Amino acid sequence: MQRTALILALLVVGLTVLTQWRAAKNEARAEATHPPIGQILTVDGTRIHAYVEGQGPDLVLIHGSSGNLRDFTYQMVAALSDRYRVIVFDRPGLGYSEATSSTGDSLERQADLLVEAAAQLGSTSPIVMGQSLGGAVALAWAVYHPDAISALVTTSAVSHPWDTGLSTYYTVLSSAPGRWIVIPLLTAFVPDAVINSQVDAIFAPATTPEGYTAHFGPRLTLRRDTMRANALQRAGLLQWIQEQVPLYPTISVPTEIVHGLEDETVGHFIHSVPLAEAIPNAVLTPLETSSHMPQHTHMGDVIDAIDRAATRAGLL
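Take 3 as the starting number for the sequence shown in my numbering and just add one per residue.
Please keep in mind that the hints were generated in silico from the structure rather than gathered at the bench.
Computed from a prediction, not measured in an experiment: that's the story for all the values here.
Ideal placement from N, C-alpha and C gives every residue a C-beta, glycine not left out.
Don't take every hint at face value.
Now the in silico label distances, taken between C-beta atoms and shown as ranges [to be verified]: (1) G167 - R5: 30 to 36 angstroms; (2) V192 - S83: 32 to 38 angstroms; (3) V285 - S177: 36 to 42 angstroms.
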């Protein structure tokens, strides 16, 4: 009995050591192939990764869940930088930006940090566009910092409560055993083929743009600290959304809302329809698509919305 227990203990220790070693190796590989491409700011003692390109009115782009700023530098920044000074951030806890909370950085906290980061870059009242969970952060920017934004654009944005609860995946990963046991196993052992298939699933039924996965660097998201931060943000998202919904009618800046009618990740009718009703003079542009990534699959429509917002704000 004692011998069996000893063997099991040695196996657990061995697996733990192997897991941590492989996880660290994969993280080092991800950071070597996809290093920071911008500058690291220090905001309230927190590292925030920012990339800036172009000239013109300031435009901030905020990426979604499990993402990083490379989502926008794939094509969109180049398409906008001829007439905007485009500022792209890694949200706190993702990419090369640092998390600040052991229970998940709230939407308000993320907005606080990004508002200050933008100010450090000389941008005190930018146009702000956010996609998916980044859209929820953009909304937090507008409601909690109304004097630090000139126009708002949301794309496939999470904005209102939903009744399906937290997925099993994020329920597990946001739990203590998930954060400290399951996440290291995923970092260590998930193969590239599975990662690539998950990226493809985000774009389905459209195809993943050529070269996107290699540019984006999905293994940056599979780093242990990043997965923990992302899971905790997903776990807290519903509560944070419920807190800011009553504040939407206070948004007074020009607002453009873009959303796929058949989006199965963030439902158009659950989120963007009531959002357009809540924000005075908001303009909703529904897209005949199931895409959750219109910044890539319908980039022209998203850019048109940004240009309309800028024109309505008197910036173009």
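Against the structure, the hints come out as follows:
1. G167 - R5: 30 to 36 angstroms: Cβ of G167 to Cβ of R5: about 45 angstroms, so the range 30 to 36 angstroms is violated.
2. V192 - S83: 32 to 38 angstroms: 35 angstroms, holds
3. V285 - S177: 36 to 42 angstroms: 41 angstroms, holds
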